[in-house]
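Please build the complex by placing chain B with the ligands on the supplied structure of chain A, with the hints as guidance.
2 protein chains.
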Amino acid sequence: MELNGHTFLDKVLGIVKEETDHETALIQFKHPKELEEILRENLDISKKLNDQDLEKAVRKVLQYSVKTNKPTFRNQLYGGTDPYGLAGAWIAEAFNTSQYTFEVAPVFTLIELKVLDHILKLFGISDGDGIFSPGGSISMLYALVAAASKAFPEVKRIGMGGLPEMVIVTSEDSHYSILKAAHWLGFGIENVKVIKTNDHGQMSATDLENTLQQELALGRTPLMVNATAGTTVLGAIDDLENVAAICEKYGVWMHVDACWGGSLILSKKYRSKLKGINRASSISWNPHKMMGVPLQCSVFLLREKGVLHEANSAAAQYLFQQDKFYDVSYDTGDKSIQCGRKIDAFKLWMIWKARGDIGLNHLTDHVMEIAEFCIQTVAHRSNFRLVTMHMQCPNVCFWYIPTFMNNKMENEEWWNTTHKITPKIKEQLTLRSQAMVAYSPLRERKNFFRLAFTFHPVLEKSHVLDILQAIEECGEGITLPVL
Amino acid sequence: MELNGHTFLDKVLGIVKEETDHETALIQFKHPKELEEILRENLDISKKLNDQDLEKAVRKVLQYSVKTNKPTFRNQLYGGTDPYGLAGAWIAEAFNTSQYTFEVAPVFTLIELKVLDHILKLFGISDGDGIFSPGGSISMLYALVAAASKAFPEVKRIGMGGLPEMVIVTSEDSHYSILKAAHWLGFGIENVKVIKTNDHGQMSATDLENTLQQELALGRTPLMVNATAGTTVLGAIDDLENVAAICEKYGVWMHVDACWGGSLILSKKYRSKLKGINRASSISWNPHKMMGVPLQCSVFLLREKGVLHEANSAAAQYLFQQDKFYDVSYDTGDKSIQCGRKIDAFKLWMIWKARGDIGLNHLTDHVMEIAEFCIQTVAHRSNFRLVTMHMQCPNVCFWYIPTFMNNKMENEEWWNTTHKITPKIKEQLTLRSQAMVAYSPLRERKNFFRLAFTFHPVLEKSHVLDILQAIEECGEGITLPVL
Ligand SMILES: Cc1ncc(COP(=O)(O)O)c(C=O)c1O
Ligand SMILES: Cc1ncc(COP(=O)(O)O)c(C=O)c1O
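Sequences listed follow chains A and B, in order. The numbering of the first sequence is the UniProt record's numbering, which starts it at 1 and goes up by one. The numbering of the second sequence is the UniProt record's numbering, which starts it at 1 and goes up by one.
Incorrect hints may have been included.
No distinction is drawn between identical chains; accordingly, a pair holds when it is met within one copy or between any pair of copies.
[What the hints assert, rightly or not] Taking lysine to any residue pairs in the SDA-like style, the calculated list, with each CA pair at most 20 Å apart, reads:
(1) Lys-17 - Thr-7
(2) Lys-420 - Asn-407
(3) Lys-446 - Glu-476
(4) Lys-150 - Gly-161
(5) Lys-424 - Phe-325
Please keep in mind that the hints were generated in silico from the structure rather than gathered at the bench. Predicted model only: the values in this text are computed from it and were never measured.
Chain A extracted, bound-state conformation (with noise of 0.2 Å):
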């Protein structure tokens, strides 16, 4: 028996450059049942190809596929691959291993450990702990966990039935995977507690408080407090030394979404908004945002060593030997929910030692000073409004009010003909094709557009001009009424 397909492995690269070089559109719109009808034949996997038709069949695929790697794309907090970090996936892919244990994965337990060192370093935690998770949304996961077994360490033997009841807190602007965590783990949405944020987007630190307060008179336990640094949309940090020290004075667990703002903390220049993160319980990071590692590489950091073992360790007899032949401390694969992980901490290695500290620093501070000049561009453009100058992550986020909108009263038929006008301009620029961006209402604020902005291969000033006269195009091109 023989199993080819190792030449296809040839063409890859190949192909891979000419599907997203610069004739190739940003995204060929196509609606999902017309595209399952163009497609039809390449989606069946019933029938077997052989390599030049699969050839055919892959590049059909990519050319309907969003290139997500081209400046213009600016529709989620990724966008833009560092390309040290994409050799190291495919090395990673290529020597297939799990992480679980220290013989099947010596070179990458010892990589993943010292990267932890050195980003625990970072944000300025010393003997602490940490793991590379499969995203933020399952690093929220990990979280409520170790809180919960810190506090109730019978949790994982008795279950939620028997413990008091408790409440988890966050900023109405944090990530939806709190709710996520609170049901999938058994708290119940009803007892995520919800704290107003301030027009920036930041946790209000006396709601906070009292909320803490109401709810240990009610006799219900605060498990963990959600710090946010780098909200989604806004991009706001909360005030991590405020909420550090509400949460030493009431004993509650205090875990900082860092998942977007985190690599702030590689700029010398930006690293003091995260100020007070290094009293955090725990911390998530996510550098398949911002930094360009392709998805997925997301670290959970907890202050405390041991907490990570002691909440999920099953002791597997078939996995975990304790009579192998070497030090099996090394075997890292039960602090974790996964048994088979991938070796997510090689790409972010390969980064590192490719830019180093220095490298790193620098990328962090171009993406600020871009999104500084998109914000101060959209400050002084007519048409344009900003929801927020007060920026601290490298989101920017605005209306574009077509001319026909001018030198009306802004009231509430105003607002709702802005919120549909957003969309349309979102429609118009993605058929076509002049760039990708979000757009989300926030609270009481109608549909905005948000740009956020990540290390990239070749993003500049011009993109960000570019992208913008395309909104402006797009948005003078709708017409009364807007469906």
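The following block gives chain B with the ligands in isolation, referenced to the frame of chain A:
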């Protein structure tokens, strides 16, 4: 600002080929502290390297890494990457996309849907649902969340505190992920009821039914029965028809952990071993195990549509806007606990396109043939002793009894010595880089070897003979006392 590094990608294929070629050792084992010393400079990430030095560092890392693609790597339930799967992984990484919305992953969304459709059909489920998850352990979380959500929809809102007492039922040979899941999700591991297995590792149906009756009599709700199709060590497949009948009788959610054995569905000859799996409420299957898809590739399937979305949605406004310009029912991300999610389905699509149903059928038959050959060989070789002849998945479990142990009374002391001999042989195999094989105790059985076979680019019968030969050599080299 310019982000260099693209030229490094040109080197990856060459590096990978050279570092895994015929000359390279399966493993150059070093103890953790020693390896840290050897790699001291390579592990440190603070200083920036130029491309030439980076390449050296990468090669050193790979030199000491395990070559999991060699046929003598039989240490885990994976090993031997399908080259088409690897090509798919490389393309997926290069296109760096998250699976959450149709707009950023139009084709990949359709691919996930179509691949799931095809798999559901294979498993005999019409109109079901599914999702790719970061691994079998996380699929187990999905299963329990779905079961709980179906039985008690209010759990999402109110948490586990307000629900009746529940138990989860599984066999003593099942994978440890159910314990971790029971802890994480707030059931508590005390509420996992463990059913005895027979000599071949299959769950006792009588015991199962008795346990359900007992629990019901005690006023506890049996929430889920976890059957296993391919246990981790022996490769046992529970009698799924029988388990299904019992689950139907008592109205309990039946989950089948087919992470390992699910691949048998690909073979016309062997799929009858999974008879009854179509009656399961949910199934997990890891193509990243037997099938050779690069880690991670794990499927979670449900028989009932809607449950997955119902159980997991949080309806985040910034991502799953309902006022988009296309049919948002194609935004599948809110069925997931994850936010960012890798396009793991694409790797499977690549393999299926390249091999077709017919090629995968063939590969399944081949791996079973290899395992059958191994079991027959072991059965007929002196000094080898099978743990069970009853092979259900391509697992072969046996002891090697060195000659000096022959003709001795097989009392407790004798077994204790055998228990120590197995890891000793493994140590020698590893140090000599002859093979990496798993060992484990199981219930009252002392440490034995497990050879598990996977679809593999080069694995043939001759490799099986080589591995057995190496075990014999190392076994005969053992001297008393075994420490
Ligand atoms: C039977 C079984 N189920 C589930 C799993 C867990 O799968 P994963 O490693 O993808 O979490 C394993 C892992 O070996 C297994 O053997
Ligand atoms: C602030 C914040 N936290 C957490 C997450 C979740 O991260 P992931 O997508 O890796 O699950 C996101 C995703 O956008 C986020 O913006």
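Each hint tested on the structure:
no. : hint              : in the structure
1   : Lys-17 - Thr-7    : both (17 Å within a copy, 12 Å between copies)
2   : Lys-420 - Asn-407 : within (18 Å within a copy, 86 Å between copies)
3   : Lys-446 - Glu-476 : within (19 Å within a copy, 77 Å between copies)
4   : Lys-150 - Gly-161 : both (17 Å within a copy, 19 Å between copies)
5   : Lys-424 - Phe-325 : between (64 Å within a copy, 8 Å between copies)
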